[in-house]
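Peer 1: Chains as they are written, first to last, in the UniProt record's numbering: chain R, 1 to 472; chain U, 1 to 472.
Derived by calculation from the structure, the hints in this document are not laboratory data.
None of these values were measured; they are calculated from a predicted model.
Keep in mind that a hint or two might mislead.
Since copy identity is lost for identical chains, a pair holds within one copy or between any two.
[What the hints assert, rightly or not] No more than 25 Å apart at the CA atoms, straight line, and that leaves these computed lysine-lysine pairs for DSS-like:
hint : residue 1 : residue 2
1    : Lys239    : Lys223
2    : Lys385    : Lys320
3    : Lys43     : Lys69
4    : Lys223    : Lys309
5    : Lys358    : Lys223
6    : Lys223    : Lys344
7    : Lys103    : Lys69
8    : Lys145    : Lys309
9    : Lys405    : Lys320
10   : Lys69     : Lys263
11   : Lys223    : Lys69
12   : Lys320    : Lys368
13   : Lys223    : Lys43
14   : Lys223    : Lys385
Protein chains: 2
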Amino acid sequence: MSEADSSRGKCAHIPLNPVPRQQHVVHSETKLDSQYNIDVFGKYRGSSKVMVLPKTTEQVSQVLAHCNKRRISVVTQGGNSGTGGGAIAERDEVLLCMRDMNKVRDIDEVSGVVVAEAGCVLDDLDRHMQQLGYIVPVDLGSRNKCMIGGNVSTSAGGLRYLRYGSMHGTVLGLEVVLPDGRVLDLLFTLKKDASGYDLKQLFIGAEGTLGVVTAVAIALAPKPASSQLVVLGLTDFCKIQRAFVLARQSLGEIISAFEFWEKRCNELVVEYEHYESPLETAHEFCVLIETRGSYMQHDVEKMDAFLDKLREERLIDDSKVFRDADEMERVWVFRQQMATAHGKSGCMHVYDFSLPSKHQHDLLVAVKEHLTAEGIYGQADSPVKDVTIFGHIGDDNIHLQVIAKEFGGIVEEVMEPWVYEWVGSRQGSVAAEHGLGKHKGEFLKYSKSATTIKQQFDPNNIMNPDKHISRA
Amino acid sequence: MSEADSSRGKCAHIPLNPVPRQQHVVHSETKLDSQYNIDVFGKYRGSSKVMVLPKTTEQVSQVLAHCNKRRISVVTQGGNSGTGGGAIAERDEVLLCMRDMNKVRDIDEVSGVVVAEAGCVLDDLDRHMQQLGYIVPVDLGSRNKCMIGGNVSTSAGGLRYLRYGSMHGTVLGLEVVLPDGRVLDLLFTLKKDASGYDLKQLFIGAEGTLGVVTAVAIALAPKPASSQLVVLGLTDFCKIQRAFVLARQSLGEIISAFEFWEKRCNELVVEYEHYESPLETAHEFCVLIETRGSYMQHDVEKMDAFLDKLREERLIDDSKVFRDADEMERVWVFRQQMATAHGKSGCMHVYDFSLPSKHQHDLLVAVKEHLTAEGIYGQADSPVKDVTIFGHIGDDNIHLQVIAKEFGGIVEEVMEPWVYEWVGSRQGSVAAEHGLGKHKGEFLKYSKSATTIKQQFDPNNIMNPDKHISRA
C-alpha cells in the first residue's frame with residue numbers, strides 16, 4: 001500500500017517500537033487493501049491488518065527482532081504474483097512488503113554479476129542489465145510483477161531453465177535476515193566457492209519460512225546477439241516429444257526455450273486477453289521454440305535444417321518463424337498471458353507438476369475422465385468449465401489448470417489427493433516451480449521424503465507460519 | 001586396499017559387529033597402505049588402521065550406526081585425489097572407502113539424467129554416458145581417479161564450469177547416509193523441484209562432515225557433435241582478459257572452456273610428464289579455449305572470426321587450432337597433468353582461490369616478492385624452488401603453487417595468513433573448488449561469515465571430525 005493510498009484516509013502510519021519513525025507501517029482497522037490480501041487468481045484470501053515496507057536491511061532486521069520478541073508472525077510479500085498462496089497472510093500476520101527495497105547495489109560488468117535488493121521487479125532488473133549487455137537468467141510470465149527476492153524464495157524455474165538452469169546454480173550469494181533479526185551476510189559474488197557449507201541454498205525455495213531474503217547476487221548470462229522464435233502447429237502430443245529430441249540435435253547450443261500449450265489455452269488467450277494467435281489456424285497443440293545465439297546467419301541455417309527434419313518426419317502441420325523483435329515480443333506476451341487468461345475465464349485451480357513428458361498428456365486425459373466420472377465436468381451445468389495443460393517440455397514441467405465457475409471445496413475434494421497420487425506414482429513431483437504455499441503440503445509424502453530444519457532457524461515459528469513447506 | 005593386498009598377509013579381515021561378514025573390512029596392526037593414508041601430493045599424512053569398503057547403502061548405514069554408537073570417527077574417501085587433505089584420516093579414524101559402490105543405478109535416456117553410486121570414477125562414468133549421447137557436466141584434471149561422490153562432496157568446479165555451471169545446479173538428487181545410520185532419500189531425478197527445503201544442497205561441498213553421499217542423480221549435458229581447441233601464446237596477462245571478452249562475444253554459446261597457464265607451468269609438464277608442448281615456441285602465457293557445438297562448419301567460422309579479431313587487436317603472438325580428436329585429447333592431457341607435474345617437481349603447496357581475474361597476475365608477483373623479502377625464494381639455495389599460477393579465467397578461479405624442496409612449516413609460516421589476507425582484501429575466496437580440508441579453515445573469516453549446522457546433523461562429531469569445514 002503506497003503513501004498515496006494511506007492519504008485517502010483508509011490507513012494510518014502506526015510506528016511500532018523499536019522501528020524508527022521514518023519506516024513505512026500501514027495499519028487498517030479492518031484489513032489491508034485487497035491487492036495485498038488476495039492472491040493473483042483470487043483463490044487465497046488473507047486478513048492481515050498491518051503491512052510494513054522497509055527500505056533497508058537494517059529496518060527488516062528491526063522489524064523481525066521486534067516481532068520475534070513478541071511472537072508476532074510475519075509473512076513476506078514481493079510482487080504477490082505467486083499461485084500457491086505462499087505470500088498471503090491468512091490470519092492477522094504482519095505483511096512484510098519488500099517493494100521499497102528495490103536498489104541495484106552493485107554490478108560487475110566484467111564477470112557479469114549483479115547484486116540486487118529483493119524488491120527489484122524482475123522485468124525492471126532485466127531491462128537494466130540488458131543495457132549493459134547481460135540478461136537475468138530467470139524469466140517467467142509474471143516478470144512485470146514478480147520480484148527477484150520472491151523468485152529466489154520460490155526457486156522459480158520459468159521459461160528458460162532449459163538454457164540457463166536453476167537458481168541453485170545461478171544465485172551466487174544472498175543476504176538474509178534471520179527471524180531474530182540477525183543479518184546473515186552470504187553475499188558472495190564470485191562463481192566458485194567451496195569455503196564452508198552452502199547455507200544460502202536453504203533459503204532458495206524456502207518461501208520466507210526461515211528468514212527474509214533482502215538481497216541477491218546472481219550470475220548474469222550474456223545478452224544474445226541473435227534470437228528467433230518458431231511456433232509449430234501439431235496434431236499429436238507424441239510428436240512434440242520427437243520434435244524435442246530433434247530440436248536438441250539440430251538447435252543444440254542455441255535452443256533457449258521449448259514450450260507447449262494445447263488448443264483450449266490458445267483460445268482462452270484470444271478470448272480473454274484479445275491477443276492475436278501466433279498461428280492463423282487452430283491446432284491441437286502449439287509448440288514455441290526460441291533460439292539465442294551469437295551470429296544470426298548460423299542460427300537461421302540451424303533453424304532451417306531443423307524445420308526440414310520436422311517436415312521430413314511429417315511431425316508438424318504448420319510453422320511460423322519470427323525474427324522481428326516486436327513480433328517476437330508479441331508471441332512471448334501471448335505465451336506469458338496464458339495463466340492470466342485462465343484466471344480471467346473463471347475460478348482457477350493451478351497445479352504445477354514435474355512429470356516425465358511422456359505422461360503429461362495422459363494426465364490431461366485422466367483428469368478429464370476423473371472429473372467426468374465424479375460428475376463435475378462435461379455438462380453445460382457442470383461446476384468445472386475447463387481443464388487445460390501447458391508447460392515447459394524441456395524441463396518436464398507442466399501446469400494443469402482446472403477452471404471452475406466458483407471457488408469452493410468441490411474441485412479440491414475431487415482432485416486431491418487423487419491427482420497427487422497419480423503424479424507421484426509416475427515419478428513426478430507435486431511442486432515444480434510455484435512453491436508449496438498453502439495447497440500442497442499434506443501431499444508431499446507422495447513425491448519426496450524430507451526433514452525439516454525450520455526449528456533451527458525459526459524456533460518461535462514466526463516466519464510464514466501456516467505454509468506447508470515448513471511442515472514437510 | 002584390495003583383497004589381493006590382504007592376501008599378501010599385510011592385512012586381515014576383521015568383521016565388525018554388526019557389519020555382515022561379507023563386508024570388506026581391512027585392518028592393519030600398524031597402518032594402512034600409504035595410498036590411503038597419504039594425499040595425492042604427499043602433503044597430508046594420515047594414520048588410519050582400518051578401512052571399510054561397503055558395497056551397498058545398507059552396509060554404509062550399518063557401519064555408521066555402529067561407529068556412531070561407539071563414538072568411532074569416520075573419514076570418507078573416494079579416489080583420494082583431493083589436494084586439501086579432506087579425505088585423509090589424521091588420527092586413527094575409520095576410512096570408509098567408497099570404491100566398491102560403483103554401479104550406475106538408472107539412466108533416463110530421454111531426459112538425460114543418470115543415477116550413479118558415489119564410487120563411480122568420473123572418467124568411467126563419462127565414457128559410459130558418451131555412448132548414450134551425453135556427457136557428465138563436470139570435468140577435472142583428476143578425472144581418471146576422482147569419484148562422483150567426491151566431486152559432489154567437494155563441490156568440484158573444474159574445467160567446464162563456464163559452460164555447464166556448478167554442481168549446485170546440475171545435481172538433481174542425492175542419497176545420503178546420516179551419521180546415525182538413517183538413509184536420507186533425496187534422489188530426485190526431475191529438473192524442477194520446489195517441494196520442500198532443498199536439503200541435498202547442504203551435502204554438496206560438505207566434505208563428508210554431515211553424512212556420506214552414497215548415490216548422485218545428475219543432469220547430463222548432450223554430447224557435443226563438434227568440438228575444437230585453440231591454444232594461444234601471449235606476452236601480457238592483461239591481453240588474456242581482453243581475449244576473454246572477445247571470446248565471449250565471438251564464440252558466444254559454443255565456448256566451453258577458457259584456461260590459462262604461465263610459462264613455468266608449461267616447462268614443468270614438458271620436463272616431468274614428458275609431453276610435447278602444444279605450441280612450438282615458449283610464451284609468457286598460454287591460453288586454451290575449447291568450443292563445443294552442434295555443427296562444425298559454424299564453429300569453424302566463429303573460431304576464424306575470433307582469431308581475426310585477436311590478430312587485429314595484436315593480442316596474440318601465436319595460435320594453433322586443433323580439430324583432430326587425438327590431438328585435442330593430447331592438449332587436454334597436457335593441461336590436466338599440470339598439477340601432477342608440479343607435484344613431481346617438488347613438495348607442492350597448492351592454493352585454490354576465487355579471485356577477480358584482474359588481480360590474478362598481481363597475486364603471482366606479490367607472492368614472489370613476499371617470499372623473496374622473507375628470504376625463502378630467489379636464490380639457488382632458497383627453500384622454495386618455484387611459484388606458479390594457472391587456472392580458469394572464465395570462473396575467476398586460480399591455482400597458486402608454491403613448490404618447496406621439502407615439506408615443513410616454513411612455507412605455511414611465511415605464506416599464511418598473509419596470502420589469505422591478500423586474497424580476502426581483493427574480494428576473493430580462499431577456497432574455490434578444492435574444498436577446505438585441513439589447510440584453510442582458520443582463515444575462512446577472511447572471505448565469508450558462516451554459521452555451522454554440523455551440530456544438527458552430527459551431534460557426536462564422528463564424521464570427518466578434524467576438518468575445517470565443520471568449524472567454519
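Peer 1: Which earlier hints can't be squared with this structure?
Peer 2: When the structure is compared with the hints, numbers 2, 3, 6, 7, 8, 9, 10, 11, 12, 13, 14 turn out to be violated.
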